[in-house]
Amino acid sequence: MDFSLLLQLTLNGLIVGALYGVVAMSFVLIYKASQVVNFAQGEFLLVGAWVCWWFLTEWQLPFYAGFLFTLVFMMLFGLVLQVVVLRPLIGEPVISVIMATIGLGIFFQALMKWIFGVFAKPFPPIFAVERVSVMGLEVQTVYLVSLGISLLIMAGFGWFFTASKHGLAMRATAFDQQVAQSLGVSVPKVFAMSWAISAVVSSVAGVVVGVVNGVSSALSFYGIKVFPAVILGGLDSIMGAVLGGVIVGLLENWAHYIDSEWLNWGNMFQIAPFYALVLILLIKPYGLFGTKNIERV
Amino acid sequence: MTSMTPAGDYRTSYRADTTIFPTRNSRIALFIGLALLCTAPLLLGRYELSLLINIGFLGIAALGLNILVGFTGQISIGHAAFFGLGAFTSAWLHEHLGIPVMLCIPLAGMVTALIGLVFGAPAARLKGLYLAIATLAAQFILEDFFARARWFTGGVAGRMTESPVLFGFAFDRDETFFYLTLAWVIIMFVAAANLMRSRDGRALVAVRDHYLSAEMMGINLAYYRTLSFGIASLYAGIGGALYAHYLLFVSVEAFNILFSIQFLGMVIIGGLGSVMGSLMGAAFMVMLPEVTQWGADALAGSAIDRALRLGASISFLREMVVGAAIILFLIFEPDGLARRWRLIKAYWKLYPYSH
Amino acid sequence: MKLKHLLLGAVAAMVAALPATAQRIPVGHLMDNSGATSDVGVPYGQGVQDALAWANRTRNGINGRQLDVSGFDYGYAAPRAVSQYQAWTGRQRVVAIQGWGTADTEALVRFVTRDRIPYISASYAATLTDAAGRSGRQGVEASPFNFFYGPSYSDALRAMLQWAAQDWRARGQQGRPKYVHMGANHPYPNSPKEAGETLARELGFDVLPAIQFALTPGDYTAQCLTLRNGGANYAYLGNTAGSNISVLRACQTAGVTVQFMGNVWGMDENAMKAAGTAANGVIFPVRTGAVWGQDAPGMNTVREISRVSDAAGTAYRPVHYLAGICSAMLMVEAMESAAANGGQIASERIREGFYARQNWVPRGFEGVCNPSTFAPDDHRGTLRVGIYRAVVSGNTSAGSVAELVQAGTMKIEPVTTIELDRRRDWLGW
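Protein chains in written order, with this note's numbering: chain A, 13 to 309; chain B, 1485 to 1839; chain C, 830 to 1258.
Among the hints, a few may not be true.
[What the hints assert, rightly or not] Under 7 Å between C-beta atoms, here's a sample of chain B residues computed to sit facing chain A:
#	residue
1	I1559
2	G1612
3	Y1614
4	L1620
5	I1625
6	L1626
7	D1684
8	I1745
9	L1748
10	I1752
11	E1803
12	I1810
13	I1828
14	A1830
15	L1834
16	P1836
[Stated by the list, open to error] Simulated restraints, written as ranges between beta carbons of each label pair:
#	chain 1	residue 1	chain 2	residue 2	range
17	C	Q1123	B	V1602	36 to 42 Å
18	A	F187	B	G1702	30 to 36 Å
19	B	N1678	C	E1181	37 to 43 Å
20	B	L1812	A	I295	37 to 43 Å
Just so you know, the hints here were simulated from the structure itself, not pulled from any lab data.
Since the model is a prediction, treat every value here as computed from it, not as a measurement.
Ideal Cβ positions, reconstructed from N, Cα and C, are used throughout, including at glycine.
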């Protein structure tokens, strides 16, 4: 039992898991507010990463300016998407909406490849110190910054949903659309806002991954990791989504540890989260924090 | 669902009411259509025939998914994995047990159906979104299994297989394989149409429409949901087996999540809950990239080509068209091509009174 | 049916009546410009395209007959490749096909063998070299019509392992070096795995359990930590460039000091730019005798070909471009052999054309294309592997590949050339 390796893997799992949690949070936000499953979440990351890269390399902006512009762009992007594509689909069966988001995903993948090409591109160096040593594990500075940003976003969400007017409106809409409407909440506006916020938050994750691995079209695969995370945490709990993400990150690394020490199968890193997903669905179908769906006849 | 029937078209017996073809003309039209298809290998080239064969076995698999999604109201994003299972099973049965290919195809379908039942049992407890995500997980898990089970799938290198042989006559050319595919399409589609007008078919529809009422009426939800998975897997397995013996090569690379999404696209664009729609949806998904390619070839070298810098990027355009087509269909024609076809038929039937 | 035959007969008569010099030679060209392997598919496909266009223009085609190249981007989806193949053999009756990767090559093996059409792939799987199917390896079928230019994946790995053994001794290290194979569980990275591990044991390496990482970019810190813990000295990266980059960067961050050995499609100039300093020191095999920017007698011809798609002459051509040229030129010269002495350029004769020469370097490409020798039962064209090292000395995010190479931030240095023995027991795996 190599404890130092296990510790380092745990640390890595926590850090990467925070990132998964960020993506899961944005996914759950859309689902909670507008009952839409967004299969194009990975493409939000991709678009965010490419746009930020473009600002930094083509326009030579400093990172903070480019990042800010990216956030503004993504907000508009989410808004436009919701208005143009999702609004006509309100009321359609869930399978149609899933398919529409899948179609969106396909469309944007191809669009990004068309505009930016097929070669992976690196981000310009952003931080003066490239990596930091934490408890023996060398971590990229951007990951630690992303950890900080994730905590900030979570705190922001917490404040937003409990203390701000719009956040409360969103929660009300998620709970019961009819009643919220009758109380004067503009449901289409709430939907649009949730998509905008989700796009912005996803782009943060996209930029972080882009800085670490370079931007390429395969970034959208991070969107697939979202599903085990949200199932683990519960589809309509933002807190659960974050925890789910962290658990997935830890699970991946621990599975890899077990695999490399004893099993030597080789694939546990990728497939363990999905096995866990199926297990959780069998035991606790609503996840750790999801609300049980009480069926009224 | 109201359908426009012409005046004088009425039923006098229960049996007449459950007929598949509402009018005599539609029956005749179908037979003429089949006769035309039978002459296709004589008129069309290999390329067009291969497109039709693709539409054939993909249509069978799409029909299975339609039974699951359209008729029973479940969701499955793992259909490609079952398609692949059918393909690998058929190839394995032929290579290791020496069973003739013509028998392997239905056997593979049955094996896939059994495995579909195994997956369907826990899935029957989940609803909606959770079911979708569970099937997504099943897709990845099965894909991983394919990649690792070298004894079954030839591992990651894939497996070669043979063409079907019937009494010494080998279906190894497009022209001959077309007839085999046509036969299977007819069998499976007639089976599905018959299923839907039987008691079990009505039970499936009841499960979709209002499962609580169905349960109260004595329909065993878990049984029918699992059965639905099994049937969908049967169709997927047969479609996959035909695919394997057409391409003569099966590899795990082909059965990925994108393929599952394509199946879903076929079902939704074709029309949920419509047997004919599955075939139309399959035709759409097969023809869309081809049509885009023709369009691009036609535009190549022209002013539009230069303005958009198409040239090398035509494949991206193709993907974008597929994505956009899905979205546009869902926005403007959510009930799919089947409904659009019904409306067109009704328009002509009632012309000029169709308003 | 009669009408169709009548029409065909009329067309055939017309075709036969045409002077032979006007007849164009239909050739198929499958490429991946948009799919999973497009980052390496684009330069290779460009190389093939430019070389064939140049052959048409400058060498006046094959004995006066122009090549009619039909290019198709199949996006790395095998079924699309198969249906395009049906179109080519049905309508245009292609006589040879320039293929691409594992997906299409494996899917079409049986088809090309049945239809007897030479298929020159960019998939260098060793199983394709067993042309007669007599090597006795499990799962290897006869593939008499599959050719490729360059060493197979297995042979390239064997050559790198031989270099690694030399390098270990040259560095004065004691004891047994440790070797580990890293890659996804997928036909492409798995192709040379067994061959590599077997030879590693033969050469005295300690073979560690293989480490898996997916073909998509991701966070591979866990794999890097395992690598470091295992104490590996030499690690083979079996995946394509995209995920290799992730591993290199993750391992650089984690502080892993391992000699990475890339594969032909896993490291090139674009990957070096994307990975930055993480790619510094990685060695990888190169299929050609020289890379862009180096001097060789054949480089003038290569530069001429490059001007087909880059009139200004400023583009930097990655290693895959040159490999594509050599691959295309082999096909062209095989066709010339078939056409010699007034022969017909039929697909069977083109295959014979591949066997016509020994130590074959296409005319005008000396020093660029390595000599190839094909035999009816042994399609291992070349066993010479050029080993190069990627040298990255600074930030690569600004500027194009051409500018970075010009500035000297990125360099590809030749290390050595290994010529493997043509061992009988190495055929087919």
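Results for each hint:
1. Taken as an interface hint, I1559/B checks out: its beta carbon lies about 6 Å from the nearest beta carbon of chain A, inside 7 Å.
2. Annotation: G1612/B was flagged as interfacial toward chain A, and the flag holds, the nearest CB pair being 6 Å apart, inside 7 Å.
3. A least Cβ separation of about 6 Å between Y1614/B and chain A falls short of the 7 Å threshold, and the interface hint therefore holds.
4. Because the beta carbon of L1620/B sits about 6 Å from the nearest beta carbon in chain A, less than 7 Å, this interface hint is met.
5. Against a cut-off of 7 Å between C-beta atoms, the interface hint on I1625/B holds, since the closest Cβ of chain A lies about 6 Å away.
6. For L1626/B, the interface hint is violated, the least distance from its beta-carbon to any beta-carbon of chain A being 10 Å, above 7 Å.
7. The restraint placing D1684/B at the interface with chain A is violated, with a minimum CB-CB distance near 22 Å, outside the 7 Å limit.
8. A cut of 7 Å between beta carbons decides the hint on I1745/B: the least distance to chain A is about 5 Å, and the hint holds.
9. About 6 Å separates the beta-carbon of L1748/B from the nearest beta-carbon of chain A, less than 7 Å, and the hint is met.
10. Annotation: interface hint on I1752/B holds; nearest CB of chain A at approximately 5 Å, less than 7 Å.
11. Interface hint at E1803/B: satisfied, since its Cβ lies 3 Å from the closest Cβ of chain A, which is below the 7 Å cut-off.
12. Interface restraint check for I1810/B: the shortest CB-CB distance to chain A comes to about 3 Å, inside 7 Å, so the restraint holds.
13. Taking 7 Å as the C-beta contact cut-off toward chain A, the hint placing I1828/B at the interface is violated, the least distance being around 22 Å.
14. About 23 Å separates the beta-carbon of A1830/B from the nearest beta-carbon of chain A, more than 7 Å, and the hint is not met.
15. For L1834/B, the interface hint is violated, since its Cβ never comes within 7 Å of a Cβ in chain A; the closest pair sits about 28 Å apart.
16. Using the Cβ-Cβ criterion of 7 Å, the hint placing P1836/B at the interface with chain A is not satisfied: the shortest such distance is roughly 31 Å.
17. Evaluation of the 36 to 42 Å hint for Q1123/C and V1602/B yields a failure: the beta carbon distance comes to about 59 Å.
18. In this structure, F187/A and G1702/B meet the distance hint of 30 to 36 Å, their C-beta atoms being roughly 35 Å apart.
19. Between N1678/B and E1181/C, the C-beta spacing of about 57 Å breaks the proposed range 37 to 43 Å.
20. Distance hint for L1812/B and I295/A: a CB-CB separation of about 41 Å, consistent with the stated range 37 to 43 Å.
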